[in-house]
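Colleague: Chains as they are written, first to last, in full-length UniProt numbering: chain A, 1 to 360; chain B, 1 to 360.
Be careful, since some hints might not be right.
Identical copies carry no separate label here, and so any pair may be met within one copy or between two of them.
[As the list claims (entries may be wrong)] Here are the simulated lysine-lysine pairs, BS3-like style, with alpha carbons at most 30 Å apart:
no., residue 1, residue 2
1, 72, 316
2, 126, 11
3, 72, 126
4, 126, 316
5, 11, 316
6, 72, 11
I should point out that these hints are in silico values taken from the structure, not numbers from a laboratory.
Protein chains: 2
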Amino acid sequence: MARNIERMRAKAAGLRVGLRPHVKTAKCLEVIERMTGGLRGPVTVSTLREAERLAEAGYTDIVYAVGLTPNKFDRARALRRDGVDLKVILDSAETAAALAGSGSADDSPVPVLIEIDSDGHRAGVKPHDGALLGAIADRLTGGACLAGVLTHAGESYSARSDEALRDFATLERDGAVAAAETLRALGHGAEIVSIGSTPSVLFSEDMSGVTEARAGVYVFFDLVMAGIGVCAVDDIALSVLASVNTVQAERGRYVVDAGWTAMSRDRGTASQPVDQGYGLVCDLEGNVYPDLIMTEANQEHGAIALRPGSTAELPKLAVGDLVRILPNHACATGSQHEAYLVTDEARAAVVDRWLRFGGW
Amino acid sequence: MARNIERMRAKAAGLRVGLRPHVKTAKCLEVIERMTGGLRGPVTVSTLREAERLAEAGYTDIVYAVGLTPNKFDRARALRRDGVDLKVILDSAETAAALAGSGSADDSPVPVLIEIDSDGHRAGVKPHDGALLGAIADRLTGGACLAGVLTHAGESYSARSDEALRDFATLERDGAVAAAETLRALGHGAEIVSIGSTPSVLFSEDMSGVTEARAGVYVFFDLVMAGIGVCAVDDIALSVLASVNTVQAERGRYVVDAGWTAMSRDRGTASQPVDQGYGLVCDLEGNVYPDLIMTEANQEHGAIALRPGSTAELPKLAVGDLVRILPNHACATGSQHEAYLVTDEARAAVVDRWLRFGGW
Chain A
1 MARNIERMRA KAAGLRVGLR PHVKTAKCLE VIERMTGGLR GPVTVSTLRE AERLAEAGYT
61 DIVYAVGLTP NKFDRARALR RDGVDLKVIL DSAETAAALA GSGSADDSPV PVLIEIDSDG
121 HRAGVKPHDG ALLGAIADRL TGGACLAGVL THAGESYSAR SDEALRDFAT LERDGAVAAA
181 ETLRALGHGA EIVSIGSTPS VLFSEDMSGV TEARAGVYVF FDLVMAGIGV CAVDDIALSV
241 LASVNTVQAE RGRYVVDAGW TAMSRDRGTA SQPVDQGYGL VCDLEGNVYP DLIMTEANQE
301 HGAIALRPGS TAELPKLAVG DLVRILPNHA CATGSQHEAY LVTDEARAAV VDRWLRFGGW
Chain B
1 MARNIERMRA KAAGLRVGLR PHVKTAKCLE VIERMTGGLR GPVTVSTLRE AERLAEAGYT
61 DIVYAVGLTP NKFDRARALR RDGVDLKVIL DSAETAAALA GSGSADDSPV PVLIEIDSDG
121 HRAGVKPHDG ALLGAIADRL TGGACLAGVL THAGESYSAR SDEALRDFAT LERDGAVAAA
181 ETLRALGHGA EIVSIGSTPS VLFSEDMSGV TEARAGVYVF FDLVMAGIGV CAVDDIALSV
241 LASVNTVQAE RGRYVVDAGW TAMSRDRGTA SQPVDQGYGL VCDLEGNVYP DLIMTEANQE
301 HGAIALRPGS TAELPKLAVG DLVRILPNHA CATGSQHEAY LVTDEARAAV VDRWLRFGGW
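Take these sequences, add in the hints, and give me the full structure.
Modeller: As structure tokens, then:
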């Protein structure tokens with residue numbers, strides 16, 4: 001984990017862009033402290049609960065990067081009254097008008113980043129839709145003010161080559177910068193230009209016009225990231241420890257006491273060239289067993305077996321043997337657990353236990 | 001929920017079989033109290049953590065229905081020393097011998113149910129494998145003793161007709177009873193004959209030879225259960241409340257603030273005749289919007305749109321509107337949350353908040 005954090009820090013520094021780590025993967029104060037270099041610097045959150053937990057821990061520069069809805073205006077303003085510089089995102093003139101008209105005279109205006117759709121992934125305003133950008137910006141008066149633009153190239157997770165990853169990085173940057181320039185041409189200030197996803201930041205070669213990069217999953221990495229070439233399997237810093245509880249030699253498999261409650265149901269590698277099932281199996285020290293994957297997941301049971309078509313030999317395991325299972329998606333597997341057991345570098349000893357937070 | 005609990009209670013009473021509710025779906029003391037009729041009667045757990053939480057709450061008759069591994073012997077014995085009649089399951093002579101040889105002279109023997117594989121679903125001894133049944137039973141001396149047999153027809157979740165469900169119920173009962181009789185013929189006592197899954201219990205017509213039935217998901221039901229005909233959609237007692245945060249009329253969809261962290265990644269209806277995506281969308285009162293399903297799930301975002309091929313009309317929703325989303329799999333969706341918000345029967349008011357417990 002420490003190596004992954006340093007890699008992203010150095011990458012952002014090299015691109016001369018601010019780094020605003022996303023806390024949604026880790027949801028853990030000890031991890032976030034390391035992601036921010038101990039400085040309680042800028043962070044990104046995906047829920048107001050995350051923002052509230054970070055505010056309690058002394059973080060004051062927070063972007064809430066999921067479209068704000070009217071039923072959350074009060075909680076967002078409460079955070080700002082408590083001294084947090086919370087910035088929010090939205091992508092419609094209706095929400096902008098509603099936010100502008102909310103709050104009391106004593107409240108400071110809520111800074112808004114207009115969400116930009118740089119790759120057709122999910123939500124946001126098209127970068128060149130000057131009419132809508134202008135309509136939103138025009139409404140950000142009174143209880144709200146325009147602070148800039150934000151985009152997330154979520155489609156970059158489906159990239160299949162270094163070139164495609166570089167293209168997504170360019171697409172994301174160009175979309176955000178174009179939207180900011182459109183707003184400026186209309187006479188609006190758009191100070192913050194925020195972009196990011198782990199793949200697009202790590203494959204970016206030029207961040208001109210961008211003020212900050214957001215990324216989260218890099219802290220642990222996972223099999224999906226390894227599958228698109230953003231990290232090596234050996235960089236994955238999160239695993240689930242499981243015990244063999246049934247040996248089924250005649251079926252060429254073992255049953256272990258980790259199911260979807262431990263791994264999640266995420267099958268993010270199913271559409272990749274190498275399907276890792278519900279996870280790739282390692283020994284206790286983290287050495288990968290060739291082609292050994294979790295092929296089935298029930299609530300508290302998993303089946304581990306060789307990947308279909310494998311010519312590798314099934315390792316000899318006995319009831320009670322421990323294995324580590326690397327996750328498809330670190331965010332999803334992490335969210336199934338209430339704490340991380342922290343190991344030393346050799347993964348030989350547990351040296352600490354760090355609580356996660358959840359909820360909304 | 002109250003209606004679902006009463007339905008299962010009446011069914012077990014009619015079959016003259018004991019009911020041992022499985023707590024893995026709800027993981028919530030207030031729900032479990034209602035499943036056991038306020039009597040703190042027999043319960044089934046899927047983790048030792050569940051057993052420990054129930055023991056603290058005064059439950060003393062607990063079956064831990066996931067194969068025991070040697071690294072859990074100490075915790076199992078600790079529960080028994082605290083006055084809990086904890087029964088465990090295993091399916092190998094090796095584990096039986098290890099358990100028999102563990103513990104101290106002061107410990108009472110751990111009662112063991114031999115896990116029986118009635119339908120090829122996952123783990124267990126084949127019902128007619130007298131050699132293995134005998135070998136396990138022979139080893140259950142000293143620190144362990146034979147208490148009976150247990151099976152779970154997990155394949156019943158894939159049934160597609162009432163007849164198939166009745167067949168699974170028969171298969172499950174016949175397998176468990178045959179294994180118990182095999183053990184008795186070998187001179188072993190096999191007092192407890194434990195079977196169960198929600199579909200097989202609700203479709204059972206004869207429990208002769210069975211002493212107890214286990215079931216869990218019936219407490220909430222879900223779209224998978226509705227899809228196989230075990231309940232109606234209107235019986236589903238669990239939903240996720242979400243807000244619309246982006247209207248995408250041109251794409252025929254809405255984005256809501258509930259993603260896989262709220263629904264889980266379970267796609268259990270994908271293999272059923274009607275694929276419900278990540279969930280079926282209702283209004284706040286629980287009235288289903290025809291064909292409106294969650295078609296995509298990101299971490300904190302979901303897309304809701306009409307089912308492919310639907311001729312229904314997309315309902316008019318606006319930013320901030322609230323919808324309820326019914327889950328594919330109640331166990332999986334429940335496990336994404338730290339508490340249940342309890343509504344009145346009209347789903348109009350939240351009347352209580354009940355905490356869940358998790359972990360292992």
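Colleague: If the cut is 30 Å between Cα atoms, do residue 11 and residue 316 qualify within a copy, between copies, both or neither?
Modeller: Neither: 42 Å inside a copy, 45 Å across copies.
Colleague: Give the relationship of residue 126 and residue 316 under a CA distance limit of 30 Å: within one copy only, between copies only, both, or neither.
Modeller: Classified as between: cross-chain Cα gap 23 Å, same-chain 55 Å, threshold 30 Å.
Colleague: For the identical chains here, do residue 72 and residue 316 meet the 30 Å Cα criterion within one copy, between copies, both, or neither?
Modeller: between (54 Å within a copy, 21 Å between copies)
Colleague: At most 30 Å between CA atoms: does that hold for residue 72 and residue 11 within a copy, between copies, both, or neither?
Modeller: neither (35 Å within a copy, 44 Å between copies)
Colleague: Could you place residue 72 and residue 126 in one of the four classes (within, between, both, neither) given a Cα distance threshold of 30 Å?
Modeller: Cα proximity of residue 72 and residue 126: one copy only (25 Å, versus 55 Å across).
Colleague: How would you label the pair residue 126, residue 11 (within, between, both, or neither) given a Cα cut-off of 30 Å?
Modeller: within (28 Å within a copy, 57 Å between copies)
Going through the hint list in order, the structure does not satisfy hints 5, 6.
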